[in-house]
Amino acid sequence: MLLHKAFGKRLQLALVLGLIMALVLSACAPSGADDPVESDDTEATPTTEAPAATDDESDAEEPEESPDATEDDSTSGEPIVVKVGFLSPVTGPLAAIGTEMKQGWELYWEEHGAEAGNYVVETIYEDDAGNPDTALTKARRLVEDEQVDVVVGPLAANTALAVADYLIQQGVPNFHPVTAADDLTQRLANPLVIRVGAMTGSQATYVAGHWAYEQGYRKAITLCSDYAFGWENCGGFVRSFTEAGGEIVDQLWNPLGTPDFSSYATQIASSGADVAFIGSSGGTDGTNFMRAYEDFGLGDTIDVLGNCCLLDQATLRDAGDLALGLRSVTYWAEGRESPEVERFLELYDETYGGIASLYVANSYTAAHVFSEALKSMDGEIDPEGLVAAAREVNLEDSVFGPRRFDEYNNPVGNVYITRVEQREDGLYWNVPEETFEEVSQFWTYDPEEILNSPPYDRTNTGQQ
Amino acid sequence: MMRFLAKNGRRWKLIGLVVGIGAAWSVPYVFSNYMVSVASLILISAMLATSVNFMAGNVNLVSVGHAGIAATAGYGLAWSFVQGHSLVTQLLIALALTLVASFIFGLTSMRTSGIFFLMATLALGMVVFGLSYRMSRITGGENGLSGIRRPEMFAPYWKYYFLVLVVFIVVTAAVWVVTRSPFGVALRGIRESENRMESLGYNVAAYKLGAMMISGIVAGISGVFAVWQMEFVSPANAGFLRSALATLMVILGGVGTFLGPLTGATIVSWIEHVLSTYIERWPTVLGLIFIAVIVFAPNGIGGAVKSWWEKRQRSARSRRPVGATATETLASAKDPEGV
Numbered sequence: 001m002l003l004h005k006a007f008g009k010r011l012q013l014a015l016v017l018g019l020i021m022a023l024v025l026s027a028c029a030p031s032g033a034d035d036p037v038e039s040d041d042t043e044a045t046p047t048t049e050a051p052a053a054t055d056d057e058s059d060a061e062e063p064e065e066s067p068d069a070t071e072d073d074s075t076s077g078e079p080i081v082v083k084v085g086f087l088s089p090v091t092g093p094l095a096a097i098g099t100e101m102k103q104g105w106e107l108y109w110e111e112h113g114a115e116a117g118n119y120v121v122e123t124i125y126e127d128d129a130g131n132p133d134t135a136l137t138k139a140r141r142l143v144e145d146e147q148v149d150v151v152v153g154p155l156a157a158n159t160a161l162a163v164a165d166y167l168i169q170q171g172v173p174n175f176h177p178v179t180a181a182d183d184l185t186q187r188l189a190n191p192l193v194i195r196v197g198a199m200t201g202s203q204a205t206y207v208a209g210h211w212a213y214e215q216g217y218r219k220a221i222t223l224c225s226d227y228a229f230g231w232e233n234c235g236g237f238v239r240s241f242t243e244a245g246g247e248i249v250d251q252l253w254n255p256l257g258t259p260d261f262s263s264y265a266t267q268i269a270s271s272g273a274d275v276a277f278i279g280s281s282g283g284t285d286g287t288n289f290m291r292a293y294e295d296f297g298l299g300d301t302i303d304v305l306g307n308c309c310l311l312d313q314a315t316l317r318d319a320g321d322l323a324l325g326l327r328s329v330t331y332w333a334e335g336r337e338s339p340e341v342e343r344f345l346e347l348y349d350e351t352y353g354g355i356a357s358l359y360v361a362n363s364y365t366a367a368h369v370f371s372e373a374l375k376s377m378d379g380e381i382d383p384e385g386l387v388a389a390a391r392e393v394n395l396e397d398s399v400f401g402p403r404r405f406d407e408y409n410n411p412v413g414n415v416y417i418t419r420v421e422q423r424e425d426g427l428y429w430n431v432p433e434e435t436f437e438e439v440s441q442f443w444t445y446d447p448e449e450i451l452n453s454p455p456y457d458r459t460n461t462g463q464q
Numbered sequence: 465m466m467r468f469l470a471k472n473g474r475r476w477k478l479i480g481l482v483v484g485i486g487a488a489w490s491v492p493y494v495f496s497n498y499m500v501s502v503a504s505l506i507l508i509s510a511m512l513a514t515s516v517n518f519m520a521g522n523v524n525l526v527s528v529g530h531a532g533i534a535a536t537a538g539y540g541l542a543w544s545f546v547q548g549h550s551l552v553t554q555l556l557i558a559l560a561l562t563l564v565a566s567f568i569f570g571l572t573s574m575r576t577s578g579i580f581f582l583m584a585t586l587a588l589g590m591v592v593f594g595l596s597y598r599m600s601r602i603t604g605g606e607n608g609l610s611g612i613r614r615p616e617m618f619a620p621y622w623k624y625y626f627l628v629l630v631v632f633i634v635v636t637a638a639v640w641v642v643t644r645s646p647f648g649v650a651l652r653g654i655r656e657s658e659n660r661m662e663s664l665g666y667n668v669a670a671y672k673l674g675a676m677m678i679s680g681i682v683a684g685i686s687g688v689f690a691v692w693q694m695e696f697v698s699p700a701n702a703g704f705l706r707s708a709l710a711t712l713m714v715i716l717g718g719v720g721t722f723l724g725p726l727t728g729a730t731i732v733s734w735i736e737h738v739l740s741t742y743i744e745r746w747p748t749v750l751g752l753i754f755i756a757v758i759v760f761a762p763n764g765i766g767g768a769v770k771s772w773w774e775k776r777q778r779s780a781r782s783r784r785p786v787g788a789t790a791t792e793t794l795a796s797a798k799d800p801e802g803v
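Which chain is which? The protein sequence lines are A and B, in order.
Going by our numbering, the first residue of the first sequence is number 1, and it counts up by one from there.
Going by our numbering, the first residue of the second sequence is number 465, and it counts up by one from there.
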């Protein structure tokens with residue numbers, strides 16, 4: 001009241017504003033030198049002089065300077081804590097796969113304990129909802145707030161490429177258990193990024209085309225998911241099949257999440273081809289395809305060859321009886337006779353029940369490779385050193401069979417021709433009939449040639 | 465002092481605004497990098513929500529396809545960055561694409577209203593999504609375009625935050641001015657009765673197109689900043705989810721309120737990006753909040769605050785003698801030069 005009379009309205013406003021500005025400016029004071037206006041000199045090392053430095057040490061520090069890392073210079077007896085940020089979509093449309101992906105990682109450390117060589121692995125799980133925005137925000141949290149040494153994941157190709165790009169800038173290594181996108185280890189390959197579990201989208205399907213021709217098939221029809229993964233799947237098959245001399249009668253593309261495959265099934269049945277290659281994205285797409293397969297009696301008219309995912313456990317749990325006897329070309333054969341596979345399946349059955357799917361095996365293998373890489377290392381974690389150590393890992397046997405890595409950080413290993421069989425306990429699984437060893441992402445081609453050609457899509461289908 | 469403040473509601477608003485801006489300005493000095501990047505994300509989402517709100521509040525046309533416009537701008541920027549064009553060219557391409565996309569959206573708004581507009585924008589949004597998914601030679605398809613970098617000047621996350629904040633304030637102020645202008649009044653006239661405005665000689669279709677163009681430009685700005693924020697663009701930028709969340713933000717915040725979009729964006733983004741770290745069932749939380757707002761505050765949080773404010777103003781006014789009322793308040797608010 002008094003104030004009101006003493007000062008004019010304008011003055012009063014100015015007073016209030018001035019007070020607020022003073023408050024704001026005083027908040028600036030500790031790091032006033034970093035004011036954007038006068039920060040030309042800070043641009044060389046931008047992150048180290050960020051204004052938040054006053055109360056948050058997280059931003060500027062390199063991993064080497066993190067508190068746990070400083071202790072370990074002195075003794076090798078104390079294990080070094082390796083912080084792993086694990087990104088997977090446990091909500092949203094990819095939740096089912098994301099959850100299995102998480103299970104695989106957990107399973108490995110449960111089985112082997114969190115210690116690997118001189119290191120103790122501590123995992124922080126984050127949900128990326130299958131959305132690139134969320135994945136990036138979560139990756140930022142993991143790197144900046146949690147100061148993780150390595151990020152494992154995420155799953156979907158777009159989230160994976162977005163996160164990899166960010167992590168490369170931050171100098172944080174990125175291990176990919178499931179993502180199949182060719183480019184991750186081809187055109188966008190980077191010394192900080194390694195694909196540890198899955199093979200690329202076209203890697204195993206090069207084998208499929210080659211094998212199909214060897215089997216005497218000459219005319220093929222393909223049905224693939226209509227997005228990057230399906231394009232790459234079909235690309236591999238079509239390229240090696242046509243190069244051998246086979247003919248592609250027709251190529252069909254189904255949108256992701258197709259509920260009804262009848263129209264595709266009828267087209268396949270009437271195509272006159274002698275083999276149908278199905279590059280499915282798995283999950284409900286696999287099950288839905290099998291329903292149409294049954295309804296239209298495709299089994300009587302044409303031989304079907306699936307990719308990694310068409311007849312994976314997600315399909316077999318639902319439609320195993322329909323799939324009995326069908327063949328796939330894949331790097332995950334749960335029916336393979338190997339102590340590694342048997343131990344893994346037993347462990348999975350005890351923990352979650354049933355037979356482990358491709359995705360569980362993918363991140364189980366990722367953990368396996370990661371653990372072996374740590375065992376070969378000493379001292380503090382150096383980002384490129386960690387990836388290099390992982391690249392040097394050479395497993396005589398993993399759940400996928402022998403495994404090593406090429407110079408682009410992509411696995412080289414077995415691809416199996418599998419057949420769906422019923423186990424004694426009534427469950428269905430894929431048993432390998434034939435094994436192709438040492439399959440690289442470039443198959444028999446010159447890497448340079450692949451890297452210089454455009455990625456597979458609907459106009460570049462690999463047709464020779 | 466108290467009485468002075470009580471009788472001058474506008475003054476409170478102004479003080480609130482200044483405190484708000486001050487608080488927003490101090491974010492990088494108080495919070496960690498990660499929270500600052502979440503804050504940028506919130507402001508960018510709020511801009512998209514503002515563009516939806518402009519149409520929903522003034523013309524009563526609720527869109528669920530605005531992410532399509534934003535993504536068009538984003539792809540324009542990203543594509544030209546990848547092609548190695550200069551910043552100016554990048555922005556010009558983004559602007560050109562925004563104008564084209566807004567114009568196409570605008571054409572549908574000229575003849576439709578209500579649910580039909582909603583369906584048309586949904587369809588157009590999906591067209592953009594489909595194109596970005598399919599034209600993989602240009603857009604990178606499902607894999608998106610990575611390796612995009614912000615202009616070097618704003619490369620550090622906190623400088624970028626200040627840039628976003630300034631742009632957000634400018635955009636919000638510009639929308640405020642347009643809403644208060646005769647053009648805005650005409651739009652609200654159309655909202656109330658299209659027929660009446662038509663018989664008064666207004667070219668309703670042109671007004672709607674104009675409104676859509678303004679809204680589209682705001683969406684485009686948000687799209688450009690979203691790409692800079694993520695340094696990445698993929699079909700998810702154009703996806704239905706993005707559009708729907710923007711609309712959800714508007715409804716949560718209160719349709720037609722000025723800070724509604726920001727309120728809504730804060731809640732939604734916070735749940736999506738921060739709470740989700742601690743609560744796995746965050747979509748449920750988001751759903752429950754949405755239901756609670758619809759039931760208890762049908763006009764959104766902004767609407768509820770507004771009606772509480774107006775009630776308070778009315779009771780304050782009734783306690784005061786006549787004379788020192790509206791005119792004075794108006795006069796005092798009209799001298800921002802004093803600020």
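These are calculated hints, taken from the structure and not from any lab test.
By construction, the Cβ of each residue, glycine as well, lies at the ideal position given by its N, Cα and C atoms.
A hint or two may mislead.
Claimed, not checked - Label-pair distances were calculated between CB atoms; the ranges are:
| # | chain 1 | residue 1 | chain 2 | residue 2 | range |
| --- | --- | --- | --- | --- | --- |
| 1 | B | 739 | A | 427 | 52 to 58 Å |
| 2 | A | 78 | B | 618 | 41 to 47 Å |
| 3 | B | 739 | A | 318 | 30 to 36 Å |
| 4 | A | 397 | B | 602 | 42 to 48 Å |
| 5 | A | 338 | B | 745 | 45 to 51 Å |
| 6 | B | 739 | A | 444 | 36 to 42 Å |
| 7 | A | 111 | B | 619 | 40 to 46 Å |
Each hint, compared with the structure:
1. B/739 / A/427: 52 to 58 Å: 39 Å, violated
2. A/78 / B/618: 41 to 47 Å: Hint holds: Cβ distance 42 Å, inside 41 to 47 Å.
3. B/739 / A/318: 30 to 36 Å: 34 Å, holds
4. A/397 / B/602: 42 to 48 Å: Hint holds: Cβ distance 44 Å, inside 42 to 48 Å.
5. A/338 / B/745: 45 to 51 Å: 39 Å, violated
6. B/739 / A/444: 36 to 42 Å: With a Cβ separation near 50 Å, residue 739 of chain B and residue 444 of chain A fall outside 36 to 42 Å, so the hint is violated.
7. A/111 / B/619: 40 to 46 Å: The hinted range 40 to 46 Å holds for residue 111 of chain A and residue 619 of chain B, with Cβ atoms some 44 Å apart.
Going down the numbered hints, you'll see the structure goes against 1, 5 and 6, while the others check out.
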